[in-house]
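J.: Residue strings, one per chain:
There are 2 protein chains.
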Amino acid sequence: MYRYKITFAYDGTNFSGFQIQPHKRTVEQVLKNAVNKIAKHPTPAISVIGSGRTDAGVHALNQVAHFDIPYHLSNDSMRKALNSILPLDILVKKAELVDSDFHARYSAHRKTYRYRVDQGEFVNPFKRNYTAHFKYPLAMDKMKAAAKDFIGEHDFTSFVASGSQAKSNVRRVEKIKIYRDEHDNEVIFEFTGNGFLYNQIRIMVAFLLEVGSNQRPVSDVKRVLAAKDRTQARMTAPASGLYLVSVDYGK
Amino acid sequence: MYRYKITFAYDGTNFSGFQIQPHKRTVEQVLKNAVNKIAKHPTPAISVIGSGRTDAGVHALNQVAHFDIPYHLSNDSMRKALNSILPLDILVKKAELVDSDFHARYSAHRKTYRYRVDQGEFVNPFKRNYTAHFKYPLAMDKMKAAAKDFIGEHDFTSFVASGSQAKSNVRRVEKIKIYRDEHDNEVIFEFTGNGFLYNQIRIMVAFLLEVGSNQRPVSDVKRVLAAKDRTQARMTAPASGLYLVSVDYGK
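Here the protein sequences come in this chain order: A and B.
So that you can map any letter, position 9 of the first sequence is 9 in UniProt numbering, and since no number is skipped, the others follow by simple counting.
So that you can map any letter, position 134 of the second sequence is 134 in UniProt numbering, and since no number is skipped, the others follow by simple counting.
You may find that some hints are simply not true.
Each pair may be met inside one copy or between any two copies, as identical chains are not told apart.
In silico EDC-like cross-links for lysine to aspartate or glutamate, where the CA-CA straight-line distance does not exceed 20 Å [said to hold, decoys possible]:
| # | residue 1 | residue 2 |
| --- | --- | --- |
| 1 | K94 | E121 |
| 2 | K80 | E121 |
| 3 | K127 | D184 |
| 4 | K144 | E190 |
| 5 | K40 | E28 |
| 6 | K127 | D181 |
| 7 | K93 | E121 |
| 8 | K127 | D155 |
| 9 | K135 | D76 |
| 10 | K222 | E210 |
| 11 | K24 | E210 |
| 12 | K40 | E182 |
| 13 | K167 | E28 |
| 14 | K37 | D248 |
| 15 | K93 | D184 |
| 16 | K148 | E28 |
| 17 | K222 | E153 |
Think of the hints as simulated: they come from the structure by calculation, not from any bench.
The model shown is predicted, which means the values in this text are computed figures rather than measured ones.
If we strip away everything but chain A, and leave its shape as in the complex, we get (with noise of 0.2 Å):
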């Protein structure tokens, strides 16, 4: 068996999430049958696993995943191959021949995701899918200092959604970026962690948004950190905004 890396970006609108679940068209579903198809369907089916899941909706820049398969083909066979099947809203952008001790989730050190805030007086009928929309003037200075205090190892009970399967909320938040991006009148959140819990980014997002629309003092992060209290950050904002960036697979 060869066992490929593949490098791809989707567009999370028409898809149920990443994860197969049964009569929704999901993201791993979508691969698995391209890869399967380029296996002549073997049986048992090849399984193509993911660095993690991203919900309904959410977009990928750069989401990885892995597959072992029977044939050797070149990379850019293999990256051609797989697009020649797949639907638009999907693109490989790269596939690679990996060792076989490459695991696409147990390999992954550090993840880093992108959110964008349109900012715009109404939502643009062309970014409703690709943004989140907040029209209220944002205190960038404001929003920056309170994300410092995400930064780091703590427990973010917080800030995780309740249908979360994790044994640990313990996280470490590694780099935080804010910024405006004049020429498309939004303002862009980039997040390096060593892993997200489930919903945690937009939750993170919609309570920088309150701190930064004067809804919240900057102290609050800290506060509500140490609450460890679900209830406390009650806001999450919407999955279009949020693009999964890149899994760095280095030390």
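Given chain A, work out where chain B should sit, using these hints.
T.: Just chain B, lined up with the frame of chain A:
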């Protein structure tokens, strides 16, 4: 009755074009439903008259329509009332009480369309519904030179799709602008004229792409216009790249 002119944007992806058709989701139908809801479902139902049709998948930044309604609302209230009912893929940008001799179609003097061609190496999943994709180098100078021959009043029989119901194929193209959008790695075509035939812009764009990629000589526009034969200009660029930018009612 009060006549309102509305200016609105829509993402054409999930519409079967502008014009009402049975059992289809169309822009005209969705607008008509909203206006009649505001007017409390009068009998007979109020019609919404657009400046013209757009095909399935074609977008609009500033489409125009009018309707007559037995209630007077301020312009701002009318805009808000419509937006509160309309789905997120249509946005009313402006509503204006106008004289009863204003007609969205008959009063229109000229229209401007934009066509976006993405030059990335692969079809970008996030642009698949919002651009055409053409990865080969495009000679801007050749396309600009060829485009000049479209300017003026011509019989566009060679550049109209077979479904056209126009009585005459003579139209006046006033202006064509072609430029690169470096930020988005796109080539943009803009056409202004007194009216365009069915698929005319998409056929002209496909023709100019052939000129720009050395599949046709620059002189072919003149030759094919003179031929008055649709089989000469064979390709039609996809609906996804086309945007109605504005409808001009000035003199």
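J.: Since the copies are identical, ignore which copy is meant and state whether K93 and D184 lie within 20 Å (CA to CA) inside a copy, between copies, both or neither.
T.: Only across copies: K93 and D184 sit 18 Å apart there, 25 Å inside one copy, limit 20 Å.
J.: With 20 Å as the alpha-carbon cut-off, assign the pair K24 and E210 to within, between, both or neither.
T.: Answer is neither; intra-copy 34 Å and inter-copy 41 Å both fail.
J.: Is the C-alpha distance from K144 to E190 at most 20 Å within one copy, between copies, in both cases, or in neither?
T.: Answer is within; shortest intra-copy Cα gap is 11 Å, inter-copy 41 Å.
J.: Indicate which option fits the pair K40, E28 if close means a Cα-Cα distance not exceeding 20 Å: within, between, both or neither.
T.: within (18 Å within a copy, 46 Å between copies)
J.: At most 20 Å between C-alpha atoms: does K222 with E210 qualify within a copy, between copies, both, or neither?
T.: For K222 and E210, only the intra-copy Cα distance (15 Å) is at most 20 Å; the inter-copy one is 60 Å.
J.: Should K222 paired with E153 be assigned to within, between, both, or neither, using CA atoms and 20 Å as the limit?
T.: within (13 Å within a copy, 69 Å between copies)
J.: Is it within, between, both or neither when you check K40 against E182 at 20 Å Cα-Cα?
T.: neither (49 Å within a copy, 42 Å between copies)
J.: Taking 20 Å as the upper bound on the Cα-Cα distance, should K37 and D248 be classified as within, between, both, or neither?
T.: Cα proximity of K37 and D248: none, with 29 Å in one copy and 52 Å across.
J.: Within a copy, between copies, both or neither: where do K135 and D76 come within 20 Å Cα-Cα?
T.: between (44 Å within a copy, 18 Å between copies)
J.: Go through the copies and call it for K167 and E28: within, between, both or neither, with a Cα cutoff of 20 Å.
T.: For K167 and E28, the Cα distance exceeds 20 Å both inside one copy (24 Å) and across copies (52 Å).
J.: Could you figure out if K127 and D181 sit no more than 20 Å apart (CA to CA) within one copy, between two copies, both or neither?
T.: Classified as both: same-chain Cα gap 14 Å, cross-chain 19 Å, threshold 20 Å.
J.: How do K80 and E121 come out at 20 Å by Cα distance, when the copy is not named: within, between, both, or neither?
T.: For K80 and E121, only the inter-copy Cα distance (13 Å) is at most 20 Å; the intra-copy one is 42 Å.
Comparing the model with each numbered hint stated earlier shows that hints 8, 11, 12, 13, 14, 16 do not hold.
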